[in-house]
Amino acid sequence: MDTSLSELLDLSIVHEINISRLYTLFHDLFEEDEDFWWQLSIEERSHAALLRNEQKARKHAETVPENLLASDLEALKSSNEKIESLINKFTAHPPSREEAFRTAHDLEMSVGEIHYQEFMSRKSCSLSDELFKQLNLEDKDHADRIKSYMQANDMTLQ
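The sequence shown begins at 1 in the working numbering and counts up by one.
One thing to keep in mind: the hints can contain errors.
[Claimed, not checked] Each pair of labels, with its calculated beta carbon distance range:
(1) 144 - 38: 13 to 21 Å
(2) 53 - 153: 30 to 38 Å
(3) 109 - 34: 19 to 27 Å
(4) 7 - 97: 32 to 40 Å
(5) 99 - 35: 17 to 25 Å
(6) 6 - 98: 34 to 42 Å
In case anyone wonders, no lab produced these hints; they're calculated from the structure.
Every residue, glycine too, gets a C-beta built ideally from N, C-alpha and C.
Required output: the full structure, derived from the provided sequences and hints.
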């Protein structure tokens with residue numbers, strides 16, 4: 001596996017774990033939404049586990065499903081730094097319930113997550129693509145689920 005692909009996988013795994021950590025924090029902070037946050041946290045950890053499996057199972061770049069990972073290393077690094085900063089900030093000074101949901105929605109629309117959703121939404125080009133998608137059907141559309149949950153609970157994105 002070439003160095004850039006290896007680094008992309010590493011950063012993508014960290015990205016998914018960081019988002020899971022943030023959602024776990026929200027789970028702990030907001031009892032009324034704990035089931036929602038817990039589910040999202042588990043799904044993000046599942047994404048990380050699948051990426052780890054790809055990393056372990058594949059020796060060559062062409063065996064990783066095409067377009068699975070964001071290609072911008074700097075954007076992923078920046079996103080990971082932002083998420084870690086948010087975790088530290090919200091641990092010291094918890095956000096409001098609406099701020100937590102807005103933050104989560106913004107993250108789901110970020111570089112790594114949008115790229116993942118684009119992969120999940122596009123036509124499968126290989127058996128590897130299709131298998132990956134089948135494993136993740138229930139994990140799709142976190143941004144839409146967050147938005148729907150907010151609307152159902154009288155919260156707004158603005």
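Comparing the hints with the structure gives:
no. : hint                 : verdict
1   : 144 - 38: 13 to 21 Å : 18 Å, holds
2   : 53 - 153: 30 to 38 Å : 35 Å, holds
3   : 109 - 34: 19 to 27 Å : 23 Å, holds
4   : 7 - 97: 32 to 40 Å   : 36 Å, holds
5   : 99 - 35: 17 to 25 Å  : 20 Å, holds
6   : 6 - 98: 34 to 42 Å   : 39 Å, holds
Checked against the numbered hints given earlier, the structure satisfies every one of them.
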